[in-house]
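Listed below are the residues making up each chain.
There are 2 protein chains.
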Amino acid sequence: MTDPSPAGQHTVRRHNSALVLRAVAADPGVSRAAIAARTGLAKATVSSLVDRLLAADLVAETGPVARAGRGRSGTGLRLSGSGPHGLGVEIGVDYLATCLVDLTGRMHAHRLRPGDNRRRGVQQVLASTVRAVRTSLRDAAARGVPVGGIGVAVPGLVEAATGLLRLAPNLGWRDVDLGGRLRAALPEVPGGIRVGNEADFAAAAQLWESAELRDFVHVSGEIGIGAGFVVDGALFAGVRGFSGEIGHIPVDPAGPECGCGARGCLDRLAGLEWILRDAGVWDEPGARPPAEVLDELVARLSAGDQRAGTAVRHAGRWLGIALAAAVNVLDVPTVVLGGSYAVLEPWLREALRAELDTRVLSAACEPVRVIRSELGRDAAVRGAATSIVRTIIDDPDVFIAGDLGT
Amino acid sequence: MTDPSPAGQHTVRRHNSALVLRAVAADPGVSRAAIAARTGLAKATVSSLVDRLLAADLVAETGPVARAGRGRSGTGLRLSGSGPHGLGVEIGVDYLATCLVDLTGRMHAHRLRPGDNRRRGVQQVLASTVRAVRTSLRDAAARGVPVGGIGVAVPGLVEAATGLLRLAPNLGWRDVDLGGRLRAALPEVPGGIRVGNEADFAAAAQLWESAELRDFVHVSGEIGIGAGFVVDGALFAGVRGFSGEIGHIPVDPAGPECGCGARGCLDRLAGLEWILRDAGVWDEPGARPPAEVLDELVARLSAGDQRAGTAVRHAGRWLGIALAAAVNVLDVPTVVLGGSYAVLEPWLREALRAELDTRVLSAACEPVRVIRSELGRDAAVRGAATSIVRTIIDDPDVFIAGDLGT
Numbered sequence: 001m002t003d004p005s006p007a008g009q010h011t012v013r014r015h016n017s018a019l020v021l022r023a024v025a026a027d028p029g030v031s032r033a034a035i036a037a038r039t040g041l042a043k044a045t046v047s048s049l050v051d052r053l054l055a056a057d058l059v060a061e062t063g064p065v066a067r068a069g070r071g072r073s074g075t076g077l078r079l080s081g082s083g084p085h086g087l088g089v090e091i092g093v094d095y096l097a098t099c100l101v102d103l104t105g106r107m108h109a110h111r112l113r114p115g116d117n118r119r120r121g122v123q124q125v126l127a128s129t130v131r132a133v134r135t136s137l138r139d140a141a142a143r144g145v146p147v148g149g150i151g152v153a154v155p156g157l158v159e160a161a162t163g164l165l166r167l168a169p170n171l172g173w174r175d176v177d178l179g180g181r182l183r184a185a186l187p188e189v190p191g192g193i194r195v196g197n198e199a200d201f202a203a204a205a206q207l208w209e210s211a212e213l214r215d216f217v218h219v220s221g222e223i224g225i226g227a228g229f230v231v232d233g234a235l236f237a238g239v240r241g242f243s244g245e246i247g248h249i250p251v252d253p254a255g256p257e258c259g260c261g262a263r264g265c266l267d268r269l270a271g272l273e274w275i276l277r278d279a280g281v282w283d284e285p286g287a288r289p290p291a292e293v294l295d296e297l298v299a300r301l302s303a304g305d306q307r308a309g310t311a312v313r314h315a316g317r318w319l320g321i322a323l324a325a326a327v328n329v330l331d332v333p334t335v336v337l338g339g340s341y342a343v344l345e346p347w348l349r350e351a352l353r354a355e356l357d358t359r360v361l362s363a364a365c366e367p368v369r370v371i372r373s374e375l376g377r378d379a380a381v382r383g384a385a386t387s388i389v390r391t392i393i394d395d396p397d398v399f400i401a402g403d404l405g406t
Numbered sequence: 407m408t409d410p411s412p413a414g415q416h417t418v419r420r421h422n423s424a425l426v427l428r429a430v431a432a433d434p435g436v437s438r439a440a441i442a443a444r445t446g447l448a449k450a451t452v453s454s455l456v457d458r459l460l461a462a463d464l465v466a467e468t469g470p471v472a473r474a475g476r477g478r479s480g481t482g483l484r485l486s487g488s489g490p491h492g493l494g495v496e497i498g499v500d501y502l503a504t505c506l507v508d509l510t511g512r513m514h515a516h517r518l519r520p521g522d523n524r525r526r527g528v529q530q531v532l533a534s535t536v537r538a539v540r541t542s543l544r545d546a547a548a549r550g551v552p553v554g555g556i557g558v559a560v561p562g563l564v565e566a567a568t569g570l571l572r573l574a575p576n577l578g579w580r581d582v583d584l585g586g587r588l589r590a591a592l593p594e595v596p597g598g599i600r601v602g603n604e605a606d607f608a609a610a611a612q613l614w615e616s617a618e619l620r621d622f623v624h625v626s627g628e629i630g631i632g633a634g635f636v637v638d639g640a641l642f643a644g645v646r647g648f649s650g651e652i653g654h655i656p657v658d659p660a661g662p663e664c665g666c667g668a669r670g671c672l673d674r675l676a677g678l679e680w681i682l683r684d685a686g687v688w689d690e691p692g693a694r695p696p697a698e699v700l701d702e703l704v705a706r707l708s709a710g711d712q713r714a715g716t717a718v719r720h721a722g723r724w725l726g727i728a729l730a731a732a733v734n735v736l737d738v739p740t741v742v743l744g745g746s747y748a749v750l751e752p753w754l755r756e757a758l759r760a761e762l763d764t765r766v767l768s769a770a771c772e773p774v775r776v777i778r779s780e781l782g783r784d785a786a787v788r789g790a791a792t793s794i795v796r797t798i799i800d801d802p803d804v805f806i807a808g809d810l811g812t
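Note that the protein sequences, when read in sequence, are chains A and B.
Counted from 1, the first sequence has number 76 at position 76 by the working numbering; the numbering is strictly sequential.
Counted from 1, the second sequence has number 626 at position 220 by the working numbering; the numbering is strictly sequential.
No lab work stands behind these hints, which were simulated from the structure alone.
For glycine and all other residues, C-beta sits at the position ideal for the given N, C-alpha and C.
Some clues are possibly wrong.
To give an idea of the interface, some chain B residues facing chain A are shown, with a C-beta separation under 7 Å as derived from the structure [as the list claims (entries may be wrong)]:
| # | residue |
| --- | --- |
| 1 | S486 |
| 2 | G487 |
| 3 | A617 |
| 4 | L619 |
| 5 | D621 |
| 6 | E651 |
| 7 | W680 |
| 8 | I727 |
| 9 | A732 |
| 10 | N734 |
| 11 | D737 |
| 12 | T740 |
| 13 | A770 |
| 14 | C771 |
A few chain B residues that don't get close to chain A, going by computed Cβ distances all over 12 Å [claimed, not checked]:
| # | residue |
| --- | --- |
| 15 | A533 |
| 16 | G661 |
| 17 | R694 |
Chain A with its partners taken away, still in its complex shape:
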């Protein structure tokens, strides 16, 4: 920072910029005068802060608002779609996904690369990840937008204090400094690289998508099953960042062995690969894009295929047992089915409901609400990218300072 003005002024401006940007985010089309009224800032201060936000392309002007006052205060403001984008990466068990998300939360240039990452070491997967990020950076350049940082979603335990990936059982990885290694390989990437658990990113995406949902568990079932808990509008990541591992709730303690070494984990009984096997539509991992295999399952279910129906109902029952345990422990009123469970919801809903109704103690007073996410199977990669733009909206001066080179 070479700006010669005193530190106190920076702090105040930084705080006020965030106030103004949040007001714009909360109410697209808002006028400068309305922002002044809502924030309690002087109109001149708002105008000067808005000028900086416009220059950094964090906000854009809309046409004149309906009841325009004098001068520029009659122009509406919204978050800029051509401002900084978050770059999201998801290292899935059998795919690699990337996307860009703009400040308004809209996703662009989503790319999905099927491929079984279990058969490849950390080194190889990281090399693919670096290539995928570079492609995504070119997507951003082609759109003419800057990238504000990278969010990386992984199917494992990410330690909150260090950002280390401590354990990813389905990948067979332990203690990998993904953030550090990606940073070293991608010195050209502006902004931070943030590694997080895929289920937490997916739950966060759900939270940012639907402001009225403030307390829920978002569960997504791919090869591994993860959950993210949102309590009072904030992600609850646990003491060390390891919460939500519902894939390893013992739902049948004497049941079949799970990849983690224990018996009867939910992952082993209701993970997507096991559903596909039981339904008779399983292929070698990576042979077909996962979405295509899931489509085939849905086609069979729609056609009334008995084997497929039974497989999905069984999974719904096991999922209901695990979610009953989770809701009894944590007390959230709503379950949001995401990922492949959202796709399979019509066929697993009844079995799931029955377990929740019987097994959640508080269901006798208030039944657990079960809803289906509209985000599809991209929730985690989208949440990873969105986490970057949320950081910019929460504290725009960090981006502005970097962007303006001061």
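We have chain A; now place chain B onto it with these hints.
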């Protein structure tokens, strides 16, 4: 409030009184000068606030402190043991307990009345509760101390927003306004009546007892099994206050039917009554004081009785499975065994550990710590009483205003 001074002064004094009292609580024997140094308040302000706290018997003076300065600042201050006491009541499934707790956290006049509350209606149990509270009030009068309010621990779901007992499956109660009914029957009781879940009160008692434990689940096994979660030094009660119902985690989904109607709940497989049955030391509920029956079990275990040993090991295994589910969901690093589990710990520890080590995903990085509570089986009633004195310590002016009749 008839005090004519402006509201602003009240607010400041109220805030500063709490600051001073907290400084005394944190460092018994502290001098007025040291409080001034630590809080940043002027010495004269501290002296005047301390005089009010002394007059209300919230603090007491110790002898001169070691390196005494000039005048009264050389006298140490501590919380007063003869100041207001919290009155705790626990409505157990097969007993009724009461106690008093002073400001220093010491318990007095603990009384335990065995008796099966399942066979009696709400009306009858409440009548016994009212009598027990009156006895406890007489205990306080005999000690010459005022009572600051009543905390009531119950084995059921207490709705945070309303204070209603929504459901107590082991008592067969639903939607009881315990607080309102006790208030109506006990108009003479000063202060508030606060109803809460027994497992949450027990966990809070554990938190207040051991300042170094900041993140844990406290599990206590009586006829019902309850858990209280403490995250970052605060009780985590869930969205509606219904968290910690680990007694209804399905540990053997196809297992025997639980009182709640579901199959294979932890309550049904590791609740104290079922352990006693399996061990062959079971009596009709209320026939003997529960502690006496537990003593008999411990005697048999110590003598190497095989049936007793197997029963407790099985319970430890089921408990380990349920706690593995809870830790996978919520991510706490420490399990505190309380209540009868603390008593049985030497005989169930190994089976419990084995399940936690195998089934908690993060245990591969950091094994779950298992410790035994020193609080004994009185943790819930103690926590209920302590919650009242904690309220006074957090905001002493409410008590002073009531006490001084202003």
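Verification of the hints:
Annotation: interface hint on S486 (chain B) violated; nearest CB of chain A at approximately 35 Å, more than 7 Å. The beta carbon of G487 (chain B) is not positioned within 7 Å of any beta carbon in chain A (closest approach about 35 Å), and the interface hint is therefore violated. The interface hint given for A617 (chain B) is violated, since its Cβ lies 17 Å from the closest Cβ of chain A, which is over the 7 Å cut-off. For L619 (chain B), the interface hint is violated, the least distance from its beta-carbon to any beta-carbon of chain A being 12 Å, above 7 Å.
Below 7 Å, beta-carbon pairs count as interface contacts, and D621 (chain B) has one with chain A at about 4 Å; its hint therefore holds. Annotation: E651 (chain B) was flagged as interfacial toward chain A, and the flag holds, the nearest CB pair being 4 Å apart, inside 7 Å. Because the smallest distance between the Cβ of W680 (chain B) and any Cβ of chain A comes to about 17 Å, over 7 Å, the interface hint for this residue is violated. Look at I727 (chain B): its Cβ gets to within about 5 Å of chain A, closer than 7 Å, so that hint holds up.
This hint holds: A732 (chain B) has a C-beta 5 Å from the nearest C-beta of chain A, less than the 7 Å allowed. Because the smallest distance between the Cβ of N734 (chain B) and any Cβ of chain A comes to about 4 Å, under 7 Å, the interface hint for this residue holds. This hint holds: D737 (chain B) has a C-beta 3 Å from the nearest C-beta of chain A, less than the 7 Å allowed. Interface restraint check for T740 (chain B): the shortest CB-CB distance to chain A comes to about 9 Å, outside 7 Å, so the restraint is violated.
For A770 (chain B), the suggested interface contact is upheld, since its CB lies about 6 Å from the closest CB of chain A, less than 7 Å. Checking C771 (chain B) against chain A by beta carbon gives a least distance of about 5 Å; that is within 7 Å, so the hint holds. For A533 (chain B), the shortest C-beta to C-beta distance to chain A comes to about 26 Å, beyond the 12 Å cut-off, and the non-interface label holds. Consistency note on G661 (chain B): stated as away from chain A, yet its beta-carbon is not over 12 Å from all of that chain's, at 10 Å minimum.
Every CB of chain A is more than 12 Å from the CB of R694 (chain B) (nearest about 29 Å), matching its label as outside the interface.
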